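Novice: If you want the building blocks of each chain, they are given just below.
Protein chains: 2
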Amino acid sequence: MKPIKRRLLTPGPTMVPERVLEALSRPTLYHRSPEFKEIFLETRKLLGKIMRTEGEVLILTSSGTGAMEAAVANLFNPGDSAVVVVGGKFGQRWEELCRTHGVNPIVVNVEWGRAVDPAEVERALSENPGVKGVLIQICETSTGTVHDVKEIGKILRNFPDVLLVADGITAYGVYDIPTDEWGIDVAITGSQKALMTPPGLAVITLNEKAVNRLVEKPRTYYFNLKKEIKQQKKGQTAYTTATNLVVALNEALKMILKEGIENVAKRHAILAEATRAGVKAMGLELLSYSPANGVTAVLAPEGINGQDVVKIARERYGITIAGGQEHLKGKIFRLSHMGYVDQFDVLTGLEVTELALKELGYSKFKFGDSVKAAMEVFYSANL
Amino acid sequence: MKPIKRRLLTPGPTMVPERVLEALSRPTLYHRSPEFKEIFLETRKLLGKIMRTEGEVLILTSSGTGAMEAAVANLFNPGDSAVVVVGGKFGQRWEELCRTHGVNPIVVNVEWGRAVDPAEVERALSENPGVKGVLIQICETSTGTVHDVKEIGKILRNFPDVLLVADGITAYGVYDIPTDEWGIDVAITGSQKALMTPPGLAVITLNEKAVNRLVEKPRTYYFNLKKEIKQQKKGQTAYTTATNLVVALNEALKMILKEGIENVAKRHAILAEATRAGVKAMGLELLSYSPANGVTAVLAPEGINGQDVVKIARERYGITIAGGQEHLKGKIFRLSHMGYVDQFDVLTGLEVTELALKELGYSKFKFGDSVKAAMEVFYSANL
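Protein chains in written order, with the working numbering: chain A, 5 to 387; chain B, 5 to 387.
FYI, nobody ran anything at the bench for these hints, they're computed from the structure. These numbers were taken from a predicted model, which means no experiment stands behind them. Do not take every clue at face value.
Same chains, same label: a pair holds when it works inside one copy or across any pair of copies.
DSS-like, lysine-lysine: derived pairs with alpha carbons at most 25 Å apart [to be verified]:
#	residue 1	residue 2
1	370	335
2	154	41
3	53	41
4	213	234
5	158	213
6	270	9
7	154	136
8	284	315
9	262	315
10	270	362
Extracted from the complex, chain A is given alone in its bound form (with noise of 0.2 Å):
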């Protein structure tokens, strides 16, 4: 008897809400049209209103990454210094665009699993003077993992030529974070994750300081964010957009700012701290000491593979669980509760956990403890 439901219960791509579906199903309009530059310009506002930025916000056709190579690119030149903060696979990925495009990346090595030490960026920055900026994941996805860049931005605040550049993939939509406040000069997402929307566009953006940072040629055709900047103004993309994708996105945001981005950061909130709450109650540890309120990387018990926990989850129960990456893989796996998530479907995960470490032989709890826990949760927190 094979599971007749699928359900996306990984930090991206992330289970998407009806009325996103049917957006996205809308009959294809022209890139060029009217009627859809207003929808993308006012895509546009929207996500600057989400993000909290005044800065340039510009969407591009691309997985998250795509964005990531798009500020490293355009921001640096050849030679250039930039700090970077590597506790996990994203902040690698960091790295890894730093050596392609030339820049010479200063490595602050931080234990996955652990948020940085600002006093660490702050001592790198000392340290290398002239460095021309920070890369940095606001959340881990890897390790599950919420680094303090509030506290980085501040401490940037005596490094008046370094760019914070914030890797919000898996943040935004999950937090209510203040861009601008913060001190972000560049923040980077994707739709696939909080944004409650199919995989394909990724959003950068900048402020008045990283706009006029921008090199004059990038070493990047497709990611000229110059060009982009100019195209977006008027509500059109340097190429063509994925302009379906740009119409269910913008159902999504409504759906945030009806919300409420505070209501959403706290609902994220607390279906992570019930997620916590379930996954102790197995007897089970987190990888993080920072938790991060989107996703929750657990440690597979001794003995256990985590990976078989989600082949399990997943061929059995039709559940996809993320595993471990890296050397990670088999250590940990990942419950995601961001975005299109709601308190039943977190028991979900737990549950599914609970069935898959049963038949895994891992016997430290009763069917249900989880669930308790994390329900006492959610009704104190009136959820």
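Please arrange chain B on chain A, whose structure you already have, making use of the hints.
Specialist: Showing chain B alone in chain A's frame:
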């Protein structure tokens, strides 16, 4: 903070699979087109397979009640008598339909929540020679009770002139019912229950005996079954049918046949067993002494109004469960588990029941108790 997801756990309309919704939204077909004709004929065949009958299968554009009226109006003449089993709201509906069409109902009253004793039906038939039919529900949805129609079919072998007319609206697709083998002469169902399709279509099947009993001049214009048989054999309908719904139903029936009707029935049996175990683990009791596998009617605990459970579940948690009807209003609430439902949906239904009851001050359980009991059923059933 409002709930963001709406879930339908009522005994119809039920949740509709994504691919059925996709089929529903395909471009509307002309009801006299060759393309639609082919789909219509195939849909009749698929229904015959699922309902396990070689008889005529007619698709009507109406609710299930329309098919019930069609049966009464086309199979009996004014002045005829029929034995009617009344053990709930839908038994009452048979009685009302009889009175509307001048048929004399010989009512076998059953306490709501009990299955009829087949011997009672036999007695009614013996005491009333000349009775033309027995009208019954396979499942009485209002009380979540299953009648032993198989046994009644056996009894009717001794009454060759009596038609067995069975309302299987919440039974087909929940159970594997061999319509012909059980001696059901006329079977009725609807699209919006276990057939996983939105409301709007009813199905009525007639074996040869029933076809031969169709009256010359039914007291209804719209539900003229002789006319429909003639048309539907050709892939037509007497009047315009709901073409998009037929296309959707076609898709849903293929899903059922792909899972296999035996597997579908087994799944429903396990979902129902787990629901009952969960309900009892909360210290609650079932209304029914013969509980059906499609919907579970739960007695509200002392001092709590069942309607309040329904209200909290819907308004606070976005989950629609059903209340009681007629004199059961307030005394029960009903959790449905038919159609596009899996174990995680059942657990969600139990969780929202726990949350609502806790809010109403009922405290004979701890959060997660019902989930634990249900998960144990699922796990040992290997679902």
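Novice: Work down the list of hints and note, for each, if the structure agrees.
Specialist: Going down the list of hints, with the structure as the test:
1. 370 to 335: Classified as within: same-chain Cα gap 23 Å, cross-chain 33 Å, threshold 25 Å.
2. 154 to 41: Neither. Shortest intra-copy (34 Å) and inter-copy (64 Å) distances fail the 25 Å Cα cut-off.
3. 53 to 41: Close inside one copy (19 Å), not across copies (52 Å); limit 25 Å.
4. 213 to 234: This pair counts as within: shortest intra-copy Cα distance 17 Å, inter-copy 78 Å.
5. 158 to 213: Result: close within a single copy only, 16 Å intra versus 86 Å inter.
6. 270 to 9: between (28 Å within a copy, 16 Å between copies)
7. 154 to 136: within (19 Å within a copy, 81 Å between copies)
8. 284 to 315: Within. Shortest intra-copy distance 22 Å satisfies the 25 Å Cα cut-off; inter-copy 33 Å does not.
9. 262 to 315: Intra 37 Å, inter 23 Å, cutoff 25 Å: inter-copy only.
10. 270 to 362: between (32 Å within a copy, 23 Å between copies)
Hint 2 alone, counting from the list given before, is not met by this structure.
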